[in-house]
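Trainee: Produce the complete structure using the sequences and hints provided.
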Amino acid sequence: MVTFVQQFLNGLTIGSFYAFIALGYSLVYAIMKLINFAHGDLFALGSYVAYSFLVWASAALTAALGLWGALAVAMVVAGVSVAIAGLLMERVAYRPIYPAGRLPAVVSALGVSIFIENFIMLVWGPRYQAYRSEFVPVGYFQIGELRISILQVVILISAVILLGFLYWLIEKTTFGAAVRATAQDRATAALMGIDFRKVIRFVFTVGPALGAIAGVMVGLYYRQISFSMGWIYGLKAFVATILGGIGNIPGAMVGGILLGLLEAMFAGYVSAAWKDVIVFAVLMLILIFRPTGLLGEKVAEKV
Amino acid sequence: MREIIAGLRNDPRARRIAVGIALALMVAFPFFASAYWVDVAFYLGLYTLLGLSLNVILGEVGLFNLGHAAFWAFGAYTTAILNTRFDIPTLALIPISALATAGFAWLVTSPIIHLRGDYLCIVTIALGEIVRLALNNDPGGITGGPNGIFGIDRPRIGGLVINTPTEFYFLVWIIVVICAWALLRLQNSRIGRAWNYIREDELAAECMGVDVRAFKLLAFTLGAALAGVAGNLYAAKMMVVSPESFTFMESCLVFMIVLLGGMGSVPGTLLGALVVSLFPELFRPLARYRMLIFGIALVAVMYFKPAGMWPRRRATFRSVIGREAGKA
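From first to last, the protein sequence lines stand for chains W and U. With the working numbering as the guide, the letters of the first sequence map in order to residues 1 to 303. With the working numbering as the guide, the letters of the second sequence map in order to residues 304 to 631.
Because the hints were derived from the structure by calculation, they are not lab data. A hint or two may mislead.
Unchecked claim - Simulated DEER-style distance windows between Cβ atoms:
(1) W:Arg95 with U:Met511: 33 to 39 Å
(2) W:Ala281 with U:Leu394: 34 to 40 Å
(3) U:Phe453 with W:Ser158: 46 to 52 Å
(4) U:Tyr606 with W:Ala281: 35 to 41 Å
(5) U:Tyr592 with W:Trp56: 22 to 28 Å
Said to hold, decoys possible - Selected chain W positions facing chain U (in silico; Cβ < 8 Å):
(6) Ala93
(7) Gly101
(8) Leu103
(9) Pro104
(10) Leu110
(11) Gly111
(12) Thr173
(13) Leu235
(14) Trp274
(15) Ala281
(16) Met284
Just so it is clear, the structure is predicted and the values come from calculations on it, not from any experiment. The beta carbon of each residue, even a glycine, is placed where N, CA and C say it ideally should be.
Mentor: What follows is the structure, given as structure tokens:
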């Protein structure tokens, strides 16, 4: 029972990372119909930016705001800088190529992905970087045999708050309705007076920023980051996106959590070495039997 | 320059002469180049073969396959296992690897062949990862885990052991030239036309009586068979295969070869392979920055030449007339 609860919590934590990253994929796909292969690398970039920021400023910030305050500032810094990178990427590599069709855009996205990965490697070096212990919170709650780290609790709470806010923004506000309308039919939405450039700017700000926040959380949780971690997280987050139905915002959240739980349970009870195989096999099975995702897809591909 | 290219396009005899000169240069190449560059040319041939094999799937039929390394790996491991366990000569394993990989491709793509566009893309990525992870986890102790399988024999023809870079160069390029010739012939056949029809408009093709599912599966099995051949050559050259050679990055590189060259274009695939495999060599002085530049170059090519560097020319009335005139 203790193992089960422990794995359940681990799964929720990993799942919220996936949910954060998956949202970036899903938002961009909904609007642009483009798999943003560079998204995973933006996530890694966020992790590194926060790392450098904390190395530079954590002593002063911790003295002024406490450790949690310092971490919050680091997340904001990482989120803002990666959002700028995302906007820049859209301007330079996607907007001029998008009219040429979807395949050139995919190659361009792969090009950006290779660029960012190597940029990180050149700036921070090819070796693993470790989040230093002075900026990782260590406390935990002990309930019987169960041990829950405070960090895990904080990650889960902030995930609920952030995802809830985003859900409200997309599903309940006028601006969210504009985003959803653009996702369904860009031309008609534009005729209704929606500025789709604003919507594109929105998805390329919010997506990368959420990815960067996930990057900081992964750094704090595993304490170790590498320049190439972007692609495996990106790929799994994409599986989560498909799981929930691509282009479906609440679906991406649910998909992420489900995937995290599945992975943690499989790693805990069956085999850690085969857990990734299971993740991808589940993806294939879902696409074979329920190609629109578990929650259904909101943007169907037209014939 | 423009006139020369136009002349080559419209005059079949001039084209034949150009191809003849190119082939003669290819035969002469190893006799004046250093062993290092002959080796580079071998890998160029290997990537061209992989590019041609993916071109059947992605270029001719428009099926997004970002897991091509899975087929390549399957061919390489088939060769490695059969050679090290049962002492079957590597050269004799070329058709066996091709058939085994084709069978594997038929088996795994049958259930997913109905998926469209991005969904197929993602499933093939997953397929590539499943194969790599499975090889890494050593199921039943047959794949050797992360270390892979070593001690694969060199190919032999009678008493001749293919060993030096020059011999490997000829082995791979003979196969590439045969495949390129066959694939060019295929483009003008019923099958080739059906494939292109599906790529341009799947629904219309189906309405006209093209068996979309069967032709898509055919493309996957044929493409996989060629990738299996490439895997065999790779295993014979390296004498060792391990899962880390068949990563997602390799699938991406082959994908880029096809798109950089031009979808469905055989000479374009050659050009794409040239860019992808020579790029790291030419930029070796900038070693640390070359992949960074490669990323920028990909974006730039797609900006300036979204259809690829050597796109396939569509058959026009004039080109068909020219071809008929050439026959007469």
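Trainee: List in ascending order the numbers of the hints, as given earlier, that are violated by the structure.
Mentor: 12
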